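So you can see what is in the structure, the chains are spelled out below.
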Amino acid sequence: MKGIAVSTTVNGDAVEFVCDARETLLDVLRNHLGLTGAKEGCGTGDCGACSVLLDGQLVCSCLVLGAEVEGREIETVEGMADGDRLHPLQKRFLEHAALQCGVCTPGFLVAAKALLERNSNPSESEIRYALAGNLCRCTGYDKIVHAVHAAAGDLRRQQKARKKRKAAG
Amino acid sequence: MLKDMMTRFELYRPTALADAYELIDQFGAGAWLMAGGQDSLDWFKDRAKQPRAVIELSQIEGMTGVRETADGVEIGALTTLAEIEENALVRERYGLLVSAASHVASPQIRNVGTIGGNLCQDTRCWYYRAGLSCYRAGGNICYADSPEGMNREHCLFGASRCVAVSPSDTAPALVALDASMVVSSRKGERVVRAERFFVGPDVDIQRMTALQPGEILTAIRIPSAFSSANFYFEKVAERKTWDFALVSVAAALRIESGTIRDARIVCGGVECRPRRMRDAEDAIRGREQNAETAGAAARRSAGGARPLRYNEYKIPLVENLVTRAVRDA
Ligand SMILES: Cc1cc2nc3c(=O)[nH]c(=O)nc-3n(C[C@H](O)[C@H](O)[C@H](O)COP(=O)(O)OP(=O)(O)OC[C@H]3O[C@@H](n4cnc5c(N)ncnc54)[C@H](O)[C@@H]3O)c2cc1C
Ligand code: FES
Ligand code: FES
Chain A
204 MKGIAVSTTV NGDAVEFVCD ARETLLDVLR NHLGLTGAKE GCGTGDCGAC SVLLDGQLVC
264 SCLVLGAEVE GREIETVEGM ADGDRLHPLQ KRFLEHAALQ CGVCTPGFLV AAKALLERNS
324 NPSESEIRYA LAGNLCRCTG YDKIVHAVHA AAGDLRRQQK ARKKRKAAG
Chain B
10 MLKDMMTRFE LYRPTALADA YELIDQFGAG AWLMAGGQDS LDWFKDRAKQ PRAVIELSQI
70 EGMTGVRETA DGVEIGALTT LAEIEENALV RERYGLLVSA ASHVASPQIR NVGTIGGNLC
130 QDTRCWYYRA GLSCYRAGGN ICYADSPEGM NREHCLFGAS RCVAVSPSDT APALVALDAS
190 MVVSSRKGER VVRAERFFVG PDVDIQRMTA LQPGEILTAI RIPSAFSSAN FYFEKVAERK
250 TWDFALVSVA AALRIESGTI RDARIVCGGV ECRPRRMRDA EDAIRGREQN AETAGAAARR
310 SAGGARPLRY NEYKIPLVEN LVTRAVRDA
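Note that the protein sequences, when read in sequence, are chains A and B. Count along the first sequence starting at 1, add 203, and that's the number in the numbering used here. Count along the second sequence starting at 1, add 9, and that's the number in the numbering used here.
Don't take each hint at face value.
In silico DMTMM-like pairs for lysine to aspartate or glutamate, Cα to Cα no more than 25 Å straight-line [claimed, not checked]: (1) A:K205 - B:E101; (2) A:K205 - B:E31; (3) B:K58 - A:E226; (4) B:K58 - A:D345; (5) B:K58 - A:E243.
In short, the hints are calculated from the structure, not lab data. These figures come from a predicted structure and were not determined experimentally.
Model the full structure from these sequences, guided by the hints.
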């Protein structure tokens with residue numbers, strides 16, 4: 204097997220790995236880098252459980268080759284919490300019981316994060332449109348949508364408080 | 010069948026078209042062009058396609074983005090569907106394409122999938138997709154059109170041994186906008202009208218486009234004829250979130266003080282290529298845009314349809330979609 208050497212950034216850290224041409228980004232994350240947050244639900248782009256951000260864009264890591272991420276930036280669910288302080292989305296998913304088995308959760312969290320970075324105050328239909336590529340077999344979608352809505356409010360409040368502190372010098 | 014185990018291939022990432030042509034020559038039938046890979050990887054994982062060399066096009070310069078031209082716009086074939094959805098120029102003039110692009114798959118797939126890949130993707134007929142040796146795969150039977158065949162999703166028009174339909178949502182929109190495809194090869198460039206770019210099994214049963222081996226789709230040109238016209242796009246699928254069209258309609262109407270001056274109405278999901286509803290278009294040119302005219306168009310839209318065992322429901326679907334398109338565009 205001829206390996207392909209790839210340099211990339213994962214959750215802010217410079218990372219190098221060697222992979223086979225056939226390995227997907229999901230294979231690389233899980234099997235080479237020990238980041239098992241992203242899940243393989245289908246391997247064919249149907250479920251979104253493998254969602255990660257690639258240069259800030261939401262993608263299915265099962266449909267991107269490892270070799271294609273050379274020089275690019277990857278964010279996974281593992282990068283969302285700040286130490287042991289959970290991201291507001293993670294907190295709200297727990298509070299709203301927006302998961303049961305949890306296989307879909309990393310994908311939903313990353314997809315929701317991608318949405319909130321572009322739109323800090325999404326409507327319900329905007330949330331549903333942005334999460335349309337993520338399937339959940341257990342929970343149903345209402346709790347997930349409510350959790351994202353609540354987290355959007357948290358993030359706006361955090362932002363406001365930060366601005367106030369800044370203005371106060 | 011083994012899933013998610015791609016067979017061995019070499020990956021090439023050329024940075025110039027000339028290098029891509031050379032690789033195509035070198036590997037011949039073993040070469041596979043890949044843009045966003047959102048269709049390709051699915052084929053490889055199913056092992057229904059087993060290329061020796063995957064030529065990944067994303068590093069080739071000059072094939073992304075939207076440019077204004079003397080007569081409309083030119084869109085690089087590697088432009089992602091998400092970029093098209095967000096592009097200000099396309100939004101302002103060709104809302105029909107924006108609407109079609111935003112109905113493709115999921116946000117994840119639109120972020121990576123390209124317009125070129127969307128237009129060149131192969132059919133979703135599951136017999137063919139599963140790697141069975143049907144006519145399209147070089148065999149001597151169409152499973153979908155056999156007595157036990159499951160053919161709810163298959164064609165109403167243009168069957169010729171194979172009854173598969175074109176899966177692309179953007180293809181009907183681009184035919185409605187009278188776009189042209191810029192096709193490049195070692196020999197140079199040729200420009201093919203969208204309507205001729207998509208081919209049925211009567212022309213070539215193993216390919217869905219006019220692309221010949223060695224050719225690469227480099228850009229899509231949309232003329233200004235239907236710029237900011239009245240548009241209508243609707244896609245009917247089994248599910249509300251991502252799914253392929255059972256039937257879709259893309260229409261561009263030029264309306265002056267209530268009268269339809271020109272119209273192009275195209276349906277997806279009913280033929281191996283986007284189907285232009287010429288009889289319906291003829292029936293409405295010069296008439297007022299109203300429910301009666303819409304009804305006249307609908308009555309002329311399914312003539313010549315030859316339903317299979319399980320897809321007769323597509324006839325009223327086509328008629329209803331054409332009605333809405335003409336009435337509400
Ligand atoms: C879960 C799922 C749902 C989907 N739903 C839809 C849907 O609702 N509607 C829809 O239209 N599609 C859908 N698709 C199909 C597909 O993913 C998209 O159409 C996507 O746009 C393909 O683009 P790509 O760049 O990733 O293609 P690729 O996989 O890179 O290429 C697709 C094909 O086109 C050829 N090709 C690509 N670019 C060129 C070029 N420049 N010149 C010559 N040949 C080229 C490749 O050789 C390959 O055969 C779906 C796919 C998945 C996995
Ligand atoms: S594992 Fe990637 S979409 Fe399901
Ligand atoms: S919680 Fe089980 S799939 Fe969503």
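Evaluation of the provided hints:
no. : hint            : result
1   : A:K205 - B:E101 : violated, 48 Å
2   : A:K205 - B:E31  : holds, 22 Å
3   : B:K58 - A:E226  : holds, 16 Å
4   : B:K58 - A:D345  : violated, 39 Å
5   : B:K58 - A:E243  : holds, 22 Å
Going through the hint list in order, the structure does not satisfy hints 1, 4.
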